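Construct the complete structure from the given sequences, taking the supplied hints into account.
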Amino acid sequence: MAETEYEIVIGMEIHAELRTASKMFCGCPVVDTTVAEPNTAVCPVCGGLPGAMPVVNKLAVEQAMLVGLALNCQINASTSFARKNYFYPDLPKGYQISQYDDPIATNGWIDVQTEDGGNVRIGIRRAHMEEDTAKSFHYSAGGARGGAYTLIDFNRSGVPLLEIVSEPDMHSVAAAYAYGTKIREILRYLGVNSGDMEKGVLRFEANVSIRPRGTEALGTRTEIKNLNSFRALVRASEYEIARQIEVVEAGGTVVQETLGWDEARGVTVSQRSKEHAHDYRYFPEPDLPPLTIDGAWIEEVRQALPELPDAKYARFVGVYGLVENDARILVEDQALASYFEAAARSYGGNAASVSKWIVGELAYLMNRDGVALEAVRVTPESIASLVKLVDAGTVSLSSAKDVLATMFETGRAPEVIVKDNGLVQISDEEALSQIADQVLSDHPDEVVAFLGGRESLLQWFMGQVMRATRGRAQPQTVLGLLRGKLEARRR
Amino acid sequence: MDLHALTIRKASALLRSGEITSVALTQAVLDRIAAVDPAIKAYVTVCEDAALQEATAADARLQRGGPLTPLTGIPYGVKDCLSTTGVRTTCSSRILENYVPRYDATVISRLREAGAVLVGKQNMDEFGMGSSCENSAFFATRNPWAFDRVPGGSSGGSAAAVASGMGLFALGEDTGGSIRMPASFCGVTGLKPTYGRVPRYGLLALVSSFDSIGPLTHDAWDAALVLGAIAGRDPRDSTSVGVPVPGYTSTMTGERLDGVRLGVPIEYFAKGIDPAVECAVRTAITHLEALGAEVREVSLPHTEHAISIYYLILTAEASSNLARFDGVRFGLSEPPEGVDIVERYLKTRGKGFGPEVKRRIMLGTFALSAGYYDAYYLRAQRVRTLLRQDFAHAFEVVDALIAPVSPTCAFKIGEKVDDPLQMYLSDIHVVAANPGGVCSLAVPCGFAEGLPVGMQIIGPPMGEAGVLSVGAAYQATTDWHTRRPMAE
Ligand SMILES: [Zn+2]
Chain A
116 MAETEYEIVI GMEIHAELRT ASKMFCGCPV VDTTVAEPNT AVCPVCGGLP
166 GAMPVVNKLA VEQAMLVGLA LNCQINASTS FARKNYFYPD LPKGYQISQY
216 DDPIATNGWI DVQTEDGGNV RIGIRRAHME EDTAKSFHYS AGGARGGAYT
266 LIDFNRSGVP LLEIVSEPDM HSVAAAYAYG TKIREILRYL GVNSGDMEKG
316 VLRFEANVSI RPRGTEALGT RTEIKNLNSF RALVRASEYE IARQIEVVEA
366 GGTVVQETLG WDEARGVTVS QRSKEHAHDY RYFPEPDLPP LTIDGAWIEE
416 VRQALPELPD AKYARFVGVY GLVENDARIL VEDQALASYF EAAARSYGGN
466 AASVSKWIVG ELAYLMNRDG VALEAVRVTP ESIASLVKLV DAGTVSLSSA
516 KDVLATMFET GRAPEVIVKD NGLVQISDEE ALSQIADQVL SDHPDEVVAF
566 LGGRESLLQW FMGQVMRATR GRAQPQTVLG LLRGKLEARR R
Chain B
22 MDLHALTIRK ASALLRSGEI TSVALTQAVL DRIAAVDPAI KAYVTVCEDA
72 ALQEATAADA RLQRGGPLTP LTGIPYGVKD CLSTTGVRTT CSSRILENYV
122 PRYDATVISR LREAGAVLVG KQNMDEFGMG SSCENSAFFA TRNPWAFDRV
172 PGGSSGGSAA AVASGMGLFA LGEDTGGSIR MPASFCGVTG LKPTYGRVPR
222 YGLLALVSSF DSIGPLTHDA WDAALVLGAI AGRDPRDSTS VGVPVPGYTS
272 TMTGERLDGV RLGVPIEYFA KGIDPAVECA VRTAITHLEA LGAEVREVSL
322 PHTEHAISIY YLILTAEASS NLARFDGVRF GLSEPPEGVD IVERYLKTRG
372 KGFGPEVKRR IMLGTFALSA GYYDAYYLRA QRVRTLLRQD FAHAFEVVDA
422 LIAPVSPTCA FKIGEKVDDP LQMYLSDIHV VAANPGGVCS LAVPCGFAEG
472 LPVGMQIIGP PMGEAGVLSV GAAYQATTDW HTRRPMAE
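Note that the protein sequences, when read in sequence, are chains A and B.
Take 116 as the starting number for the first sequence in the working numbering and just add one per residue.
Take 22 as the starting number for the second sequence in the working numbering and just add one per residue.
Because the hints were derived from the structure by calculation, they are not lab data.
Please note that the accuracy of each hint is not assured.
Listed below are the simulated BS3-like cross-link pairs for lysine-lysine, each with C-alpha atoms no more than 30 Å apart in a straight line [stated by the list, open to error]:
#, chain 1, residue 1, chain 2, residue 2
1, A, Lys-250, B, Lys-368
2, A, Lys-314, A, Lys-173
3, A, Lys-250, A, Lys-199
4, B, Lys-368, B, Lys-437
5, B, Lys-379, A, Lys-199
6, A, Lys-427, A, Lys-314
7, A, Lys-250, A, Lys-314
8, A, Lys-297, A, Lys-340
9, B, Lys-368, A, Lys-199
10, A, Lys-199, B, Lys-31
11, B, Lys-372, A, Lys-250
12, A, Lys-297, A, Lys-471
13, A, Lys-503, A, Lys-534
14, A, Lys-314, A, Lys-516
15, A, Lys-427, A, Lys-297
Bear in mind the structure is a predicted one, so any value in this text is a computation, not a measurement.
So this is what it looks like as structure tokens:
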């Protein structure tokens, strides 16, 4: 049977680090663990010292509520914490405080757009809060210490996480990718996660199964854990689907198991071993009474919900009249979208021309120099001024690109750059006519060739005029003049 | 005058009047420890130098005239399950034999602020698991009334210390009778406050749902003074309660109990109770009636389930609470190097935990396992609700319940050590208060063959003021609490 005869079923769990100043259950600061000295943000609570007790971080709860609301979930009036018990050196208490029976948010959904332009609704089963573990660093034998050893950094221990569990509603890897992208975008919009995959603030887990197309029953699923990039998500899912089809085609059955993804070899690896055959022995965390979340609190949090990507996209297309591609690019980055809106307000006219400059030239310069938006020296107001100069014919389109490049480098106002560099467009027909005459008389051979039928030389003459004016000539005027003068010579 | 034998109330008055100093008082307690502790073995650690320093500071404070509290300058000891900065905290376990905390439990810092003087850390059943103090990994503590008998447990070191003058009071911890039972065996007063009344931050948890820190003292008045200093909401303990802390001694002035309704739970006088114990408690009830109290019988029908509920929830929570003792960050770590992590877990925990602790970890791990959780842990929680309802119904018609603390007086060392089930049953009258969410005061109410007998005054949740005033009225008109063992 071919692949098309199977339906792919994917559910995802996304572990997102919440963006709080302090940890989930203590006052320790949340530090960038890729930068901070190991074990400098640790206290008795997150270090699991005997007798220390957790206290819930209110901001983390509110961020979890925000996410729940953004994902159209029900926020539960009473939410409780549970202990997930297992032994591992990076788990200082011997249990992780998580949520089990009454997660903070349940029964939501989001719509995602797949690459083929389709719209898919993905159910959100639940979102629950938990604390992160510490980080182990394994060193093999033969180093300074002789034997193999492991060092543990507890800076990450107790950092608040939100685990978002989807329904198995994705039927292609593209849908899973789109879902992951969408969740990341929403989390960034809410300001609860940086989306910075390299820092490990988002991790994916894909639950993958296949079933004969047209059947209802779910096939046996495998869980691919700890996918820390979109590339890994896509490759691992594709690999796993192909593997499962191969198993079934060969007459075998898929075994339910936990898998890891070996990025280097490009294969999924079974993690089934004694250490991983866990019975987590969940039970309610006795050190934390259930949290009561009343309607007033939910409303207060709802007030803080920003405009979400879908709504913003609809508004950019509907109200500003942007082309869909520009709107999509702007919406992907909330800061860029705000930048655009500020520029559009300052501009006042048809915002589509402003978006073209931002999505086109400005984005090009940012990419070229690796400059983030926060560091860009071109203000929204000045980019609006530049577009106005172009509209008014004060600068030519090609000059304007140079002006923007200078703005980008110096942060100076476009008017000043145009004036200082003499870039004001020459629209004066008298002056342009003289230059055109000069160009034609300097190139008699080309004129003969043109008249002999090589019409494409018209653009070449045009280029010569532009060169003579350092790009400031008004192109339409020059074109008209050249045509007239050449036709005159033909006669 | 034997300074070490004073009540807090009396010592505090002498300190304030300048008749004695905290240094002298503390030295008297340290001398007493040096004299009698080799026989009793109540202390795991004595911090003599630090105690004298704290006493000196307290004297300066007394001389300055403030800020003073009833505990300023008073030397005390604490059960070795409360975290004390710089003083090792062992839970009487090999696994924590050399563990020195870097922070104070909330109750310890509150007593420090009050100016009390910490003299040392007291022996207990390992991690609070036991009813005789024989389960200490270090040594058994002896009953000051009879050295061949147990002091009770798990706060056995604390009760024995207070009874024999090795500290004017002690802080104990009661998970299922661990304060009241040894108080009764040693003839001192012990209060198990309502869960949440006293913050647990810094208490090495046995059962997070039940653990209550409370005082062991010579009388109810002193218990009220200590409770007043340690009770009250702590932002670091989310289970601590915000109910304002009343001035407990202000309602403890009377010798009469007119209008006070007392209940006698019939289930607490069922068969199995030692006749001498029953006799002492019944005599005490008659005495209370004579003071004006109305006494009636009440029923707590689910009492028989209390032990099962208690041990199920205890073992389940304890198995999780003790998981952090893994040899990775503190405490015992076996062997020094050269094994993988699983072997380190096995060796450290195998060597570090005693047999009773291992037994309960295994029971609890089982009770929480997939497939058994509903039948055990969850069902225990449901029955626990019934137990709470029993108490709630009783407290609709009475203000307090009177019952024996233990069915027997202090038993002999070694007598029950090989029979865990028999040992568990010695807690039968005290365990219900913990899952039941009530408070209970144990006071001495007589002697049987030279050994103290204790009585419980059980009150509703947050009803400490009530049980303390019943206890105070009883003690104002009796002298059992003034008897001291090993007096010269
Ligand atoms: Zn911390």
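Consistency of the hints with the structure:
1. A:Lys-250 / B:Lys-368: 24 Å, holds
2. A:Lys-314 / A:Lys-173: Given that 30 Å is the threshold and the Cα spacing comes to 24 Å, the pair holds.
3. A:Lys-250 / A:Lys-199: Holds, at about 18 Å.
4. B:Lys-368 / B:Lys-437: 29 Å, holds
5. B:Lys-379 / A:Lys-199: 20 Å, holds
6. A:Lys-427 / A:Lys-314: Holds, because 28 Å separates the two Cα atoms, which is no more than 30 Å.
7. A:Lys-250 / A:Lys-314: Holds, at roughly 13 Å.
8. A:Lys-297 / A:Lys-340: 20 Å, holds
9. B:Lys-368 / A:Lys-199: 23 Å, holds
10. A:Lys-199 / B:Lys-31: 50 Å, violated
11. B:Lys-372 / A:Lys-250: Given pair Lys-372 (chain B), Lys-250 (chain A) holds - Cα atoms ~27 Å apart, limit 30 Å.
12. A:Lys-297 / A:Lys-471: Holds, because 24 Å separates the two Cα atoms, which is no more than 30 Å.
13. A:Lys-503 / A:Lys-534: Since the Cα atoms of Lys-503 (chain A) and Lys-534 (chain A) sit roughly 15 Å apart, the hinted pair holds (cutoff 30 Å).
14. A:Lys-314 / A:Lys-516: 36 Å, violated
15. A:Lys-427 / A:Lys-297: Between Lys-427 (chain A) and Lys-297 (chain A) the Cα gap is close to 14 Å, so the pair holds against 30 Å.
Hints 10, 14 from the list above are not met by this structure, while the remaining hints are.
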